[in-house]
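Put together the whole structure using the sequences plus the hints.
With the numbering used here applied, the sequence shown corresponds to residues 14 to 283, in that order.
Honestly, I wouldn't trust all of these hints.
As the list claims (entries may be wrong) - Listed next, with one range per pair, are the computed distances between beta-carbon atoms:
1. G280 - G167: 36 to 42 Å
2. R246 - N168: 25 to 31 Å
3. P156 - E123: 25 to 31 Å
4. E92 - R271: 40 to 46 Å
5. L249 - G147: 22 to 28 Å
6. P170 - G242: 26 to 32 Å
7. A198 - S38: 46 to 52 Å
Hint data in this document are derived by calculation from the structure and do not stem from the laboratory. Note that this is a predicted model, so its numbers are computed, not measured. Built from N, CA and C at the ideal position, the CB exists for glycine as well.
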Amino acid sequence: MHYLLGDLQGCGGALDRLLALIDFSPSRDRLYVLGDLVNRGPSSLAVLERLHGLGDAATCLLGNHDLHLLAVAHGVRPEHRSDTLRGILESPRRAHWLDWLRTRRLAVHEHGWLMVHAGVAPQWDVALTLELAGELERALAGPDLHEFLQQMFGNEPTLWDPALARHDRLRFAVNALTRMRFVDARGALDFKVKAGVDQAPAGLVPWFDAPGRLTAGQPIAFGHWSALGLVQRDDLLALDTGCVWGGQLSAVRIDGGRRELIQVECGPTR
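Okay, structure coming up:
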């Protein structure tokens, strides 16, 4: 069985309950986690331990909170008051967990689904999405990680241009894959509005409803947008249902052209 899983954000108890509910077996099943493995929840280290223990049965994408952890660990960004990363940062195996995290994926295309944490720029097709994700993955796993992290954060550029210089190109790709929600009529990324679709200002649309989007019709699964909530369309799955905010942890089984939604309440966490 193949399962797509929404944002965990350190909710280890909910992850354990969901895996028990579906009777997940690493020898039989495959889990695709759509980013934001850590932060804000009470058990970020336990989540990494659980996912790492699943071995090749779990494919984990990086989200903005995971990249924030790497930046904090490398002294590039300060911790936020709401961060819950101390368990990882103070772990005797800190280096192991950071190395494991920085070798995770930023986009996956398997079983007919394109999987990302936040979104896909309207100007990208599947091939370009995977190409840019691969560039980011190599930069994160490479020897110049600290330098890359220093260049990675920022809101500019907001509009894709294939002629962008390397750092601008990669910064745009990071923002599209891990932060985007709304775009304007040109397809430029907007970072001010984090509300649901019904509260969007005039001139902004969700990235997946952008006119002329080159991945239209390609099934895409993503998380990141808890205010959006669960969305199930033929070519779209939004799976961040706000577990860390007291909502649900959501997974969808995708096998044989059929889908099955599985949810557990956030409930007690460990």
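Hints, verified against the model:
1. G280 - G167: 36 to 42 Å: With Cβ atoms ~37 Å apart, the hint holds.
2. R246 - N168: 25 to 31 Å: Distance hint for R246, N168 holds at roughly 29 Å.
3. P156 - E123: 25 to 31 Å: holds (29 Å)
4. E92 - R271: 40 to 46 Å: For R271 against E92, whose Cβ atoms are near 43 Å apart, the range 40 to 46 Å holds.
5. L249 - G147: 22 to 28 Å: Cβ of L249 to Cβ of G147: about 23 Å, so the range 22 to 28 Å holds.
6. P170 - G242: 26 to 32 Å: holds (29 Å)
7. A198 - S38: 46 to 52 Å: holds (48 Å)
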